[in-house]
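Colleague: Please model the complete structure; the sequences and the hints are all you need to start from.
Protein chains in written order, with the UniProt record's numbering: chain A, 1 to 464; chain B, 1 to 464; chain C, 1 to 464.
Bear in mind the hints are in silico, worked out from the structure with no lab data behind them.
A short list of chain C residues far from chain B (calculated; beta carbon distances all over 12 Å):
no., residue
1, 108
2, 203
3, 206
4, 397
Quick list of in silico lysine-lysine cross-link-like pairs, BS3-like style, CA-CA up to 27 Å:
no., chain 1, residue 1, chain 2, residue 2
5, C, 403, C, 2
6, A, 319, A, 270
7, C, 207, B, 270
8, A, 3, C, 270
9, A, 319, A, 207
10, A, 45, B, 45
11, C, 45, B, 45
12, B, 207, B, 3
13, C, 3, C, 403
14, C, 3, B, 270
15, A, 207, C, 270
16, A, 2, C, 270
17, C, 403, C, 207
18, B, 2, A, 270
19, C, 3, C, 207
20, B, 207, B, 319
21, A, 270, A, 207
22, B, 3, A, 270
23, B, 403, B, 207
24, A, 45, C, 45
25, B, 3, B, 403
26, B, 207, A, 270
27, B, 207, B, 270
28, C, 2, B, 270
29, B, 2, B, 403
30, C, 319, C, 270
31, C, 270, C, 207
32, B, 270, B, 319
33, C, 207, C, 319
34, A, 207, A, 3
35, A, 403, A, 207
36, A, 403, A, 3
37, A, 2, A, 403
Ideal Cβ placement from N, Cα and C applies to all residues, glycine included.
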Amino acid sequence: MKKNSTSLRVRLPVLVFALEVLVVVLYSVFVTYDDQTNALLQNNKTQPLENTVYQDYPFFADIQVMIFIGFGCLLAFFRRYGFGGMVFNFLTATFAIQWAILVQGFFHFYYDGQIHLGVINLINAEFACAVVLISFGAVLGKTSPVQLLVMALLEVPVFGVTEWIVVEHLKINDAGGSILIHLFACYFGLGVTFILYRPSLNEGHSKEGTTYQSDLLSVLGTLFLWVFWPSFNCALTLRGDDQHRAILHTFIGLSASTLTAFALSALLSKNGKLSMADVQNVTLAGGVTVGASVDMMISPAVAYVLGMLGCTACMLGYKYLSPFLARRLRLQDQCGIHNLHGLTGLISTIAGICAILLASEETYGPSLYQTFSYRAPQQGDPQLGELQNISAVGGVLTGLVLKLPYLASPTDEFCFDDELFFNVPLDEDQASESQEPRCSETQITNHQYILQSKPQQQPAETAE
Amino acid sequence: MKKNSTSLRVRLPVLVFALEVLVVVLYSVFVTYDDQTNALLQNNKTQPLENTVYQDYPFFADIQVMIFIGFGCLLAFFRRYGFGGMVFNFLTATFAIQWAILVQGFFHFYYDGQIHLGVINLINAEFACAVVLISFGAVLGKTSPVQLLVMALLEVPVFGVTEWIVVEHLKINDAGGSILIHLFACYFGLGVTFILYRPSLNEGHSKEGTTYQSDLLSVLGTLFLWVFWPSFNCALTLRGDDQHRAILHTFIGLSASTLTAFALSALLSKNGKLSMADVQNVTLAGGVTVGASVDMMISPAVAYVLGMLGCTACMLGYKYLSPFLARRLRLQDQCGIHNLHGLTGLISTIAGICAILLASEETYGPSLYQTFSYRAPQQGDPQLGELQNISAVGGVLTGLVLKLPYLASPTDEFCFDDELFFNVPLDEDQASESQEPRCSETQITNHQYILQSKPQQQPAETAE
Amino acid sequence: MKKNSTSLRVRLPVLVFALEVLVVVLYSVFVTYDDQTNALLQNNKTQPLENTVYQDYPFFADIQVMIFIGFGCLLAFFRRYGFGGMVFNFLTATFAIQWAILVQGFFHFYYDGQIHLGVINLINAEFACAVVLISFGAVLGKTSPVQLLVMALLEVPVFGVTEWIVVEHLKINDAGGSILIHLFACYFGLGVTFILYRPSLNEGHSKEGTTYQSDLLSVLGTLFLWVFWPSFNCALTLRGDDQHRAILHTFIGLSASTLTAFALSALLSKNGKLSMADVQNVTLAGGVTVGASVDMMISPAVAYVLGMLGCTACMLGYKYLSPFLARRLRLQDQCGIHNLHGLTGLISTIAGICAILLASEETYGPSLYQTFSYRAPQQGDPQLGELQNISAVGGVLTGLVLKLPYLASPTDEFCFDDELFFNVPLDEDQASESQEPRCSETQITNHQYILQSKPQQQPAETAE
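Modeller: Okay, here's the thing in structure tokens:
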């Protein structure tokens, strides 16, 4: 097996089967049902309709749509990397959730020597999965599926530890996960991409653009994320009015950031036209910005203002900060996660701290002490810095692992190119241009397989 | 700033920021939480799981999918106006909901000097938003985003007043909103398009067709609308069996109109083939037709017949009425809203009146007086005429406003063309045709932005 | 009317209107509301929020997404048969559900001389519809919409009888429907395709490939099926912990089969690249494999192993069995339903029998007797063989009916080609190649219709 080959033939199955064996063994030893899924614990006093599955499953399903369809479509924006964006998202998310069930299980659902499993664990695992997918955004198109699985393998435990520290020890109120999820994911992803720096990509890459169709598909992903974001931000809040407020604020924040994004897109473009990249990304900023205070009594107007602020920071980041980071700091942040998750996450954190400092019994009544098990963290800022450090260092170390040989890392030339890892069908126009009958060059079986060889375009190292 | 320039650089941000300031000021002065979202009003007797959010949010989310994804994809059917259809729908819907929260808030949720906000307000606002989007269908491809925002700004209050009159004073039973929503939206949209008449478009336009991909995307939108339409029609009915019936009838009505649409599409086409435009639009007619009587005891068979009738009227409208309206009455109804929402809305109204006239305690039992707070409106017809007049006049006046200068109205030549308002990526085949390397003509930054200039295709007035 | 014409002009409307009249008459005579939808049966003790609609509707809506959007997109993978895949799925599913409401109604919801209707009937009808759509997969691209409606007309009653025997008499525990739905559908579909054998298609067909866009759309369909599959597998289980387990196991099974599918796709491809056909189909195998035991206490680890096993069988089937079946046994299984539903269904059945044999009061507690109204079926295997026979024979007989004249069966040449049954828009590149202005060759009306004639490509028999 050649060290730098990008053939997945041996690498991917070996890694996947190893991970699967690991997961199966750990599941069979450690994972059992929780109180709500164990038949043995139900008796004739159990009210089946009071099972927590009816509270949790709707939110779980909504977040599944965000993870697999929202992210999947959003990441399919590159001209010839639609398969990669959508399908590697599918693969990475699937493994990340499996793995997070174990990792978070040990931290949060472990007692009597077992991890106890219900749909609530899956929701938590989806949050960990979102972290991995956000980080993935920084290195989209520059990593092999093997590298992505390794990244998920390493990022989930680092996140799990951090989450455990934050939730159990610092007791930060962070309903929408703006601090934990978005900031962690952002700095981890930046750490990884810092190490995976490819100088030649700063000159631009022939496959790095979009097409009409890929832009539409990506906007479709944005819309799925937009529509279901309230479910994401409220899934783990307290039930009742807290969850109700979380839904309202997320909707209002997104709504404000969407209007603002259109205005700024037109304002900052050279020719007074809208850019689809802004519609795809910047519209979503409000969902992150309201996150840390999403269940508090911040008032609808403040949620609106937070959406506008987050959007503005995100937009300016895309326009002025990202090019600077790429050229000066070796941070090639492919999807601009520093803008959509980093800058907005910082604003969200500040807003969250203010909301806690301003919280009073006058506004919340007796439920004040239920919503916040503690009061304003004096030491908020330094701890935030620590979180950033932990995640960035974790990202850097992960990046170093991803640089090891045998991980099928794509060459610069085949970045953003589905040809490298997929059997890509010939397109209609190409097919009709070639005068020879279609079937002769295609191995057609009785189903939809179409395996074609375009040897002239293949990377030399494919053969293994 | 040139009067007729179509550059959005100044126009769009100025309008959006003005609207945002207006909204923020009004939200901060007038909008507060309602009983279900205010932490202060919860106490130790509050059952969190009885919060109304659990009744309302699932329907809210379903309707969000319809508004942002269903409408968005459906309106993306034009060959080169997919961005416009999907993205202007996004922009317009976002603002319309923000604005409707205020307008409807003053009419329906205002007490103690404040508008009280919960997810139920958002559902109502989505209905107002649907009105705007239906009207948008009449002028799709012929209006700038600036004009669309102005249209939403004017249509929502006119609708708000009408809704208030109908619901509070006439007490019409109109669960699915066929009378209020579909008829109002239709005649308003026709009023607008009457004023925005462009004679040259009657000769056809080179960009007015569809492509294979755009037709598929549009059908996808239809399917989302189709699947979630029961949620739309039942969201505001009484809970319990009324809502249950509304779901059944909507499903059956849509189902009947779908079969009928396929039959009529084949029957009325010259070559015995199906037309995708029929599949995209006419299949949905049943959802409107059952609307006004959707929660009554009309029986499943009658729901089926209503679906067939609505579909037939809609189909004949597309085939014979729309061309006539366009050529003789200056009504260029781009998506045929008069067929899908007007004719079907009229049938629905008649069916609703019949259902009320036939309602008896024998069929409904004691719940008769709960479902209908009144009995059959003798004066039904003249009032319906008034509704149509109000909305048509509102549309005409709005159309006149949209003809004011500085609103970036597209020239005839650039109707149905994304080039006017978007930075459109070069397509693959075009890109490969140009022999020079891709990156030289593209300003590639470290993320997905792709700004290209195709000056020969630009309208002259873009520079501002 | 020519016997072998493929024009739908007379055939489709005649059949559809006949079916509609049949359905309307039967609905008006036999179908009424059930206890939960009948206003007359509610009184002042009725708790509206306890109406079963709130238990059933969320699952109904999820399965609607699977049926109309998931299947619709998944089946749109062919290069030039996207309309056919998505739209014939729409048509066939719509009729199948209408029809199943009647057929299953007579078997399961008939008392007092009437079929009693609620959302629960719709969920059952969706299951029957899924059966038809799976069978459709075997003959995709080789059948006219007329033939598909006839197939649904015949398959639903055969399924209804079988279901009635299995559920009422054999009392098999089959929560996810792996035995009933997947196995029945598979063998029925194979029976049909056996009769509709077209020798020339074994040589490959020029339209049988995919494109970049069609592959992406198809993966999108897969993702919708994947995300909502837990709702499918749990919709008809007992409420409470049974349903909770069904969701967990389905998720875990799918998750395991997805990872395995990626590994095997790379391992078994000649050049070490992933195949989109595998991503579209094989990833879903786990959802079927866990089906028969999905609500039992099989443990998360076993659900994982079942997902891996099902995926492996499915993958090997695609790779080695399907080509053999096509060439030797005249079984041209277009979408490989024998792999995705047959082989996996068999594994699921075996797993289900084992789970029942191993079930003990020690694991389940008193709920053992609730979950299983009987104990392990000794005669499991022979009965399974009977089920396969019934469905295969039903399929063969249906296939013979579909070979009758006047059903618009496509010629070999026009298989997998939307030109035959749709007015297909010219694509952009084709349009720009033809130098004449676009509007001259298009009959443009005031809405989106675009009727074009490309006579040189039309089948000779279109004219009727």
